[in-house]
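K.L.:
The hints should help you fit chains B, C and D onto chain A, whose structure is shown.
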Amino acid sequence: MDVTVTVNGTTYERDVEPRKLLIHFLRDDLDLTGSHVGCDTGNCGACSVIVDGVLVKSCMLLAVQANGASIETVEGLAEGDELTPLQLAFNEHHALQCGYCTPGMLMSATALLRENPSPSEDEIAKALQGNICRCTGYWNIVEAVKSVAK
Amino acid sequence: MLLREVEYAKPGSVAEALELLAANDGARALAGGQTLINVMKARAASPDMLVDLNGLDDLTGIELAGDGTLTIGAMTTYTELMGSAEAKARPILGEVCATIADVQVRNRGTIGGNVCSNDPTNHLPPLMVSVGARMTIAGADGEREVSAEEFFLGVYLTAVGPGELLTRISIPAGKKDGFAAVTLGADGTCIANAAATVNGSVRVALGCVDAVPVIVTAESADGVADAVRAANLEPPSDVHASSEYRTHLAEVLATRAAQEASAR
Amino acid sequence: MNVSGERTFAAPRATVWQVLNDPASMAKTMPGVESFDIHDDKRWTANVKIPLGLGGLKMKVDMEKMEEREPEFAKLSVKGNGVGAMMNMETSFTLSDAPEGGTAMAWSADVKIAGPVGSMGQRVLQPIVNQQVQHVLTALDGEVQEAMGKTG
Amino acid sequence: MIQSSETTLAPAPVEVQKGWGGQSVKRKEDKRLLQGEGVFVDDVKRHGMGYLHFVRSPYAHAHITRVDVSAAEAIDGVYGTLTGEEVAALTDPFFQISSVPGANIKDFSLAVGKVRYVGEPVVAVVAETRELARDASELVEVDYEPLAAVVDARVAQDSDTPVLHDDAGGNLMWSGLYSWGDLDAAFAEADRVVKIPELHFHRFNSTPLECDGALVEYNRGVSQWTIHTNNQFPGFAAIMMGPAMKVGLDKLRFVTQDIGGGFGNKITSHPQLVVCCLLARKLNRPVQWTEWRTDFHLSMSHGNERWFRDTEVAVKDDGTLLGFRTKALDDAGAWLRYEPLGGVIWAQVTPGMYRWKHIELEFTQVATNKAPVSPNRGYSRMQHLWFTERVIDIVARELDLDPVEVRKRNYVRAEDMPYTTPNGCVYDSGDYAAMLDLALGLVGYDSMEARRADAKERGKLLGVGIGSTLDSGTNNFGQSRLINPELQFSGNNEVATVKLDIFGEIVVTLGTTPQGQGHETTAAQVVADILNCSVDDVHVRAGHDSYWNSHAGFSGTYASQFAVTGLSAVKGATEMLAAEIKKLAGAVFGGVPAEALELADGGVRIKESPDAFLPFMACGAIINANNAGLPEDLDVTLNCRYVYRPPFEVPDVETKMGNLTLTYACQVHVAVVEVDPETGAYEIVDYAAVDDCGKRINPQIVEGQVMGATAQAIGAAVHETYEYDEDGNLLTPNFYDYHVPHALDMPPLATGAIESPSPFTPLGTKGMGEGGGAGIHAVCAAIQDATGQIVTDSHNPYQRVWRLLQEAKA
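Residue numbers (our numbering), protein chains in the order written: chain A, 1 to 150; chain B, 1 to 264; chain C, 1 to 152; chain D, 1 to 810.
Chain A extracted, bound-state conformation:
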């Protein structure tokens, strides 16, 4: 089936099998390998992206379902080499180690901050509940997000 999506401002048109998950479409067909796969049951959130303004796990959405959508992924956060305050805060607070969960974490935190620019610590943890990190224990991730909260 023909699928047209706009990812980080660029429009792509591809022919895909209906069974292809959005995450595989992004990674394999569009070569946007920033979003990752860490599980096969929709638990880990490493594939989190924002579709038409809504934070979703791209492993529980078919690529054909995203037809016509505007998608934001980790690759689109920074303007060129200019990291966002959130990305800088992750560096400042050592909120990443292996970096595999990081793209999903950043997307979840980005979605949170758009909706709630001054989240409490509990609200941050609740917003990151869908993203598994096995390296950091989350404390520094929460600190990083807190540091850019208004």
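Simulated from the structure, these hints should not be mistaken for laboratory data.
Hints may be right or wrong, so weigh each one.
As the list claims (entries may be wrong) - No farther apart than 20 angstroms at their CA atoms in a straight line, the calculated lysine to any residue pairs in the SDA-like style are these:
| no. | chain 1 | residue 1 | chain 2 | residue 2 |
| --- | --- | --- | --- | --- |
| 1 | C | K79 | D | H63 |
| 2 | C | K60 | B | D57 |
| 3 | D | K327 | D | Y178 |
| 4 | C | K75 | C | A24 |
| 5 | D | K31 | A | G80 |
| 6 | C | K65 | D | P146 |
| 7 | D | K26 | A | V148 |
| 8 | C | K79 | D | E505 |
| 9 | D | K31 | A | D29 |
| 10 | C | K112 | C | V129 |
| 11 | C | K65 | D | E145 |
| 12 | C | K60 | D | T65 |
| 13 | D | K45 | A | D28 |
| 14 | B | K176 | B | Q259 |
| 15 | D | K408 | D | M448 |
| 16 | D | K45 | A | E75 |
| 17 | C | K58 | B | K176 |
| 18 | D | K45 | D | I75 |
| 19 | B | K10 | B | D57 |
| 20 | C | K60 | D | L139 |
What the hints assert, rightly or not - Listed next, with one range per pair, are the computed distances between beta-carbon atoms:
| no. | chain 1 | residue 1 | chain 2 | residue 2 | range |
| --- | --- | --- | --- | --- | --- |
| 21 | A | G80 | D | D601 | 24 to 32 angstroms |
| 22 | B | T71 | C | H39 | 51 to 59 angstroms |
| 23 | A | D15 | D | N104 | 52 to 60 angstroms |
Unchecked claim - Now the stretches of chain D that chain A is said to cover, found in silico as 3 or more residues with beta-carbon under 8 angstroms:
| no. | stretch |
| --- | --- |
| 24 | 233-243 |
| 25 | 752-765 |
In this text, a Cβ means the ideal position worked out from N, Cα and C, and glycines have one as well.
P.N.:
Here is chains B, C and D on its own, set in the frame of chain A:
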């Protein structure tokens, strides 16, 4: 990961969706996909065709009638329900939805999908039973309505037959509700849960203990534990809970839910 | 997983025995049978599609009668091979004359399920198995009644 | 949510770095990872590559009676398959570390003739797309004849138990008796003998978020494979794969950039890598393999499950520990992929943190129909340390003593350092009692009784528990000879190269395969301090490539050693480079001796006349591109390779004595839990983690490691378990049932640090990446405190706590 081949259809109306479902034996409705897609990844089930209900306006929306009855479109997401001013009329709904999985799942997962999958660990089947929800099912011959009690038939099986769709859920007015669960970590997989509603007497629906929610009633919260014992539950054992432990949790959680409901 | 139970049929033992030992009648009691092949009086094969709410589970099921003592006892081995699941079941039943008339059947089954479906967890599988068993027993009742109709 | 406190102790005079070392320099690797520009193994693509999917066993134990791949191969887009039969013809079984009987098993990269655990790879299928490869794998017909399975190590050696490996003649894989000191004397001297019938350390692992994978290319012209993989110990993979594939190690090139977590779990992917290699050659195209989560849970690197049985502890009435004897029974799963090294690795921490003098441990490892075990963060020591901690708390309870006092009475004391253990290991430095005080202070231990009363009012049972462990780092591989005296391994090594390139770039290559430990950053800190430049001027190459010539036999990232082996190699290479730069400058300046020169401001200058300055750019250019006229005997390349070799002797095979590890970082954790007595559900309401890893090059990275180890320990203690049913089906094959901690599950954390530099390492550092699993015990002890019942399992889900409470009532 990696689904089997499947056809995909995106109907423009409920009628078209019903036609597609009726015409294709192996077709399944795709709601939020937060359960179905995962089951398909495991290839534990592989429908021949997915009929995508996303975008069908007739299946969304939350209305509050003058008598306090809430009518919720089956494709309403948990997030939409949590944010709905109308849904605050029955506060337990938003409260329970807020504990389902995580933000991403709540953004996609739908009320209709939750009840139609009727996984024994889901939160909404017992809640729908305790609040006395009524489910509207559309088919080729029009619509019919069944009570939540009649709706749940088995694991992954409901009164929604081949060629049919759950279109909306209506919930009568009320506030005296409670919900209690033991989960694997915060908002994790459910080990046992219970939903209670006080309407004169107490009505509790127990989740995770059988293929469908088990109803017990009592005069007051104090009598709930006895009522659960009298139900002679034989819940399944699994890695998280033996049948004995689940039986015990059912009793404790039923009482807690009933106490919460009574206290409102 | 072990499941067992007892059931009484309003029919003489010979009729119940006949139904239970007729592959064609048994086929009618199984959920979602799409085709059925009888190899000999001890072995038969069914292609089934077990109806699950999320989509049917297709399985090729081989049955073999391991033991029988007419008209009271039989033991069957059932091996199912599906893409999402493998099932191994040993089931047996004992018939006796019920005190209040009719035939009493005591049955038990040891069911093992492996593969992706198996990984869905006991809390899902156990209710599903119970559900399918109920389906079989209800259908069995119907078959026995039908056999009564034919013979009576 | 987080609070920190720090103390510095310097019991021994140690030269430590000044300047960049010791600063929390922001990580150099973060930028690419934050932009989604890391390169993980599944990101690597090649033209015409085929995707590999494994057909896996649905049975825990079965004979394979028939394999038919014809239907799969007939599909359009399927490139080919590989069966166990082909593997058996093309390769030799993997080399076994074990002595007999484990030495006799025949381990191939696909199941041959028999399957031994659910999820074992049986056939590999390669196709044009990922989906198609899986489709085709469903068409591979395999007939099995199921056999009874053994899933409980305790009955594995019974006569009526099925045998996994007929070649081994039974399920016993390895056994050995370790006995040090004088047990009889200890028990004669004891006032009390505390008996503990059985303790169980459960099966789990660290579940790195990225699963295993590879992209393998075969270069037919030079008969050589390039293996892009996230294997974290390519040196080990190579020595397993080369002999099996009957090729020299130079034919196996390992390339890695970013790895999505390892924790030891990515050491033993060599069987899958062999399959990829064979198929890349057979099909003459690049082969890509990505392991999915369920595959990982079913088949990869479970941590060693261990039972401690018939334990007897000799103690004095005042709580002085004299000695213990126990029988450790280790469940290896179906294959020995790194085992039975777990049978000796624990001996690095034989007495735990205590001054026990007399110890006897009978170690037995058996095979079961479960996934093979392999190293997991805290490998084998964690099990043993949990055991020693459990003994302390059980003894304290039996003697009605305070667990804090029993610990302090028996801890190895600061003044005893360096301390030689009964088996000849040397604890380098530390003050365990001071760490405990710090940790207790962080949770407000003094006010615990008031909190207990407050919890009781709210209907909760409060408990507080301690876990004190060692993270022994930098292995002496000579300990493998205690397992198998025939083995020719000993010592350890790691390599770094540091060079000055043509435009003066400082380029560092490491032999390691980091998975988030920040090696690019800490290596740059060490280099910058020696070359007296900025960390921004140091380019540490990302990842690992065995063709960079910067790897040694033991290269990799495992076993808590980078801060010692890796950074010492970096230090050595950088010092060589610094000396060469001075030598070159001396020649350029016309015979100025090295002592008169100094490195500063991105160049080298004469101390007395700083205007005589040669920038690094000039140095690099002269040697690399403008070298005419240089003195003939000037042996300067500005490309320095250094191999760090820690000071080790070969352990004594007879007495099993020897120094098995160079450094001992230490952790003291305290957990406070509140139990809901009606459900057994509990919450960790307070947590303190105090760590001492000697000199910290980058305190923030160190704290990050401590936090991660803490979270993993909490996860293991409360939720994470690989549990099997009696037929050998894994009941927790995904994150739905294998619950790892999420953000909302984390307790408030207070961290503390003490620095007691190691006197044995060039930088005063100690390896510290694994943590010792202190948190697992802290939670167990807290539950024991809250319920009043002895905790005998390392895993305490709500259900088990509820049962403990039922037992307390009864």
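K.L.:
Decide, hint by hint, whether the structure agrees.
P.N.:
Against the structure, the hints come out as follows:
no. : hint                               : verdict
1   : K79/C - H63/D                      : 16 angstroms, holds
2   : K60/C - D57/B                      : 42 angstroms, violated
3   : K327/D - Y178/D                    : 10 angstroms, holds
4   : K75/C - A24/C                      : 18 angstroms, holds
5   : K31/D - G80/A                      : 12 angstroms, holds
6   : K65/C - P146/D                     : 19 angstroms, holds
7   : K26/D - V148/A                     : 17 angstroms, holds
8   : K79/C - E505/D                     : 68 angstroms, violated
9   : K31/D - D29/A                      : 25 angstroms, violated
10  : K112/C - V129/C                    : 10 angstroms, holds
11  : K65/C - E145/D                     : 18 angstroms, holds
12  : K60/C - T65/D                      : 19 angstroms, holds
13  : K45/D - D28/A                      : 9 angstroms, holds
14  : K176/B - Q259/B                    : 10 angstroms, holds
15  : K408/D - M448/D                    : 19 angstroms, holds
16  : K45/D - E75/A                      : 18 angstroms, holds
17  : K58/C - K176/B                     : 45 angstroms, violated
18  : K45/D - I75/D                      : 23 angstroms, violated
19  : K10/B - D57/B                      : 13 angstroms, holds
20  : K60/C - L139/D                     : 14 angstroms, holds
21  : G80/A - D601/D: 24 to 32 angstroms : 31 angstroms, holds
22  : T71/B - H39/C: 51 to 59 angstroms  : 56 angstroms, holds
23  : D15/A - N104/D: 52 to 60 angstroms : 55 angstroms, holds
24  : 233-243                            : violated (count 0)
25  : 752-765                            : violated (count 0)
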